[in-house]
Amino acid sequence: MVDIWSGLAQAFWLVITLDAELVEIALRSLQVTLSALVIASLIALPLAALLAVRRFRLRRTVIALLNALMGLPPVVVGLIVYVFLSRSGPFGVLGLLFTPTAMIIAQVIIIVPLIASVAHQSIRDLWQEYHDLLISMNVTQGQKIRTLLWDSRRALLTASLAGFGRAIGEVGAIMIVGGNIDHATRVLTTAIALETGKGNFALALALGFVLIGLAIAVNLAIHALGQTEREGRW
Amino acid sequence: MQLFPVRLTDARATRRGKTLVGPVDLVLGGQGTTVVIGPNGAGKTTFLRMLHGTARLGSGRIDWHCGTEEARHHQCFVFQQPVMLRRTVLQNLVYPLRLRGVARAEAEARARDWAAKVGLSEMLDRQAPVLSGGERQKLALARAMITAPQLLFLDEPCASLDGRAMREIEEHLQEARAAGMRLILSTHDMGQARRLADEVLFLLHGKVHEHAPAEHFFTHPATAQARAFLNGDIVE
Amino acid sequence: MKHLILSIALALGGTAVAAAETMKMAVTTSFHNSGLSEVLLPQIAEDLGIEVQLLVVGTGQALRLGEAGDVDAILVHSRAAEEAFVAGGYGTHRREIMYNDFVFVGPEDDPAETASAASATEALQKIAEAEADFVSRGDDSGTHKKELSLWTEAGLDPTALGDWYKPVGAGMGAALNTAAGMGAYILSDRASWLNFGNKTGMALTYAGDPVLFNQYAYLPVNPDLHAHVKTDLAMQLEEWLVSDTARALIDGYRINGETLFVFNAEAGE
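Protein chains in written order, with my numbering: chain A, 1264 to 1497; chain B, -17 to 218; chain C, 29 to 297.
By construction, these hints were calculated from the structure, which means they are not laboratory data. Hints should not be assumed to be uniformly reliable.
[Said to hold, decoys possible] Partner residues aside, some chain B positions facing chain A, computed with beta carbon under 10 Å:
(1) Arg54
(2) His55
(3) Cys58
(4) Pro64
(5) Leu67
(6) Phe135
(7) Leu186
(8) His187
[To be verified] Have a look at the derived ranges for each label pair, beta carbon to beta carbon:
(9) Gly197(C) to Ile1306(A): 31 to 39 Å
(10) Ala87(B) to Leu1271(A): 54 to 62 Å
(11) Trp1413(A) to Pro70(C): 17 to 25 Å
(12) Ile1306(A) to Glu157(B): 29 to 37 Å
Model, not experiment: these values are computed from the prediction. We put the CB at the ideal spot given by N, CA and C, even for glycine.
Using the sequences and the hints given, assemble the complete structure.
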């Protein structure tokens, strides 16, 4: 319990004094995870809509696969990305290993199935509701997908935020592909793992509290953005 | 653009190999209101959908004068349970116009006109799914008519509406008919059928049992089943 | 859209840091936990203009990173594995830099009485006799390999010990946390132990046997295998690591007044 209190106190001071190192790794956490979130959403949301409205032969397989991949252990993703990006691997020449880009790639792979699965559920429900109307209106495939994405945007926001939560708190994969290099690829979660390893529980907890605060702040900010156009939602 | 006459030749609507409606051989002309009646399960909804092109045509043909593809662009369908887009009333009205490439400003102006016409002006910014049943049906009607289709299908548009809402809907339909819109609607309400129909299609067991001008059908039904149905008896 | 702008802004802000030439070196957790790198790296940056990026991993992973060419050099402490690394052609050569020592850490009351042992192997025998809990790194690291060789020297088979022998498969810090949590003995490098922040109830129980000395060596990755490796920088770093500047910093590094490392590099060939 003592650790919790001294962790809270330390977190408080780190934030109040805008500790340079803390600011650096917190910004890097945000940079990596928000980039991964944008890329993953751009892949996952249209994919989810396509899976909801298109009937193709492997559709069920793809959906089952996405659902299964939701539970993929990040450390496995990290290892696979490592093998591909390693100098001895197929994409070694790009020199991406141990860079923030590698971390973004790993996080995209981790959260695309999650975002796509959650989004697919709500888009599918909306499609059942809209099916007769849109078919009757003779809409094109593109118009159909745009309508569904737009009218389920709140559910999609929730799906993306779930992805954000998984990515910002993830340590296994980015530890392997990022390497936790000071001033290069160290982010909040890997710093927490490092400080825990050193037995500095109070500092590790302080960083943990900062991470929680950051996640809450981002969620609130995105919700606030989403609600500027709010009106009499039921 | 000439949709009618439309000719159905041995048309059959099927689902999973089962015939739901048909075979139907029929020619529909280009004027007035056709009312489709018949007992529950006679296939009224499927018949409307088959004609509209959203129910699978298992066999036979439906030939519109201008061709099926072209015809699809000039018809709308109002469902028994209206489907509301999860948007405001205004955006529901704007949607079909935007699909057809109408500019936003003009689309909104026309949407406001139609909202005024059906008495929804006060509710333009309300979310459509929270409207009452009558308001939803009026919105669905306005959303269908806003593109000025030549043909409008309505599947029991007044089921579960109170008398006043039904009266309002019927007024809009009479007005549309007077303006030259072709209407094909199904109903369970014989009073409504008598008020609106120029001709009647009496469906039984998925087949057209009787097709006659309204005044003729209601005064001298040709078949025993139609007589029984009009009397409110059970039809076998 | 807003995310995108934000992340681009962050990305631009984030790249301003790295200006100097950079190279990557894999080091062991025990080296990093000692805190010595925080003394050496700023001086290296100042003297050579090289930003050395450390990948802190276990010895096994450090060697794999070197084999794959993902780092430019490694600094580890497991002689046999290092020699195999050079023999396999993955490293150009092996250069001894310094040593520290391993210590036995255990519960303060020392139930196995390791403090009275005359040698490291005797300490292990006492732990085995008392069947006192013993946490092993179990992660194929340099420390783990050292521990295994000590058991063998003590005439015991580490694979056939009782339930009290607990391989945890974790880094030095995590293993120390585990040992502290269960009141177990553990073999640790001295630096990690001194820097460890969670010592409650634990104490250094045995140290001093020369067999516990822990030699660190520097191995540049072979550029013949991986053309992209920054051999120039790796060579410059090696020259610096065996220089008098490094000697002064390494020998002078203390925690709580205790010397941790002894510089023993031989001057340039």
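Each hint tested on the structure:
Of the supplied interface hints, the one on Arg54(B) holds, with its beta-carbon coming within about 5 Å of a beta-carbon of chain A, less than 10 Å. Contact between His55(B) and chain A, as hinted, is supported at the beta carbon level, the nearest pair being about 7 Å apart and thus within 10 Å. Residue-level restraint check for Cys58(B) holds (minimum Cβ-Cβ distance to chain A is 7 Å; threshold 10 Å). Look at Pro64(B): its Cβ gets to within about 9 Å of chain A, closer than 10 Å, so that hint holds up.
At about 6 Å, the closest approach between the beta carbon of Leu67(B) and any beta carbon in chain A falls short of 10 Å, and the interface hint on this residue holds. Interface hint at Phe135(B): satisfied, since its Cβ lies 9 Å from the closest Cβ of chain A, which is below the 10 Å cut-off. Using the Cβ-Cβ criterion of 10 Å, the hint placing Leu186(B) at the interface with chain A is not satisfied: the shortest such distance is roughly 25 Å. With a least beta-carbon distance of about 24 Å to chain A, the hint placing His187(B) at the interface is violated under the 10 Å criterion.
Gly197(C) and Ile1306(A) have their C-beta atoms about 35 Å apart, which keeps the hinted 31 to 39 Å range intact. Separation of Ala87(B) from Leu1271(A) is about 56 Å and conforms to the stated range, judged on CB atoms against 54 to 62 Å. For Trp1413(A) and Pro70(C), the hinted distance range of 17 to 25 Å is not satisfied, since their beta carbons lie about 53 Å from each other. For the hinted restraint 29 to 37 Å between Ile1306(A) and Glu157(B), the CB-CB distance of approximately 50 Å leaves it violated.
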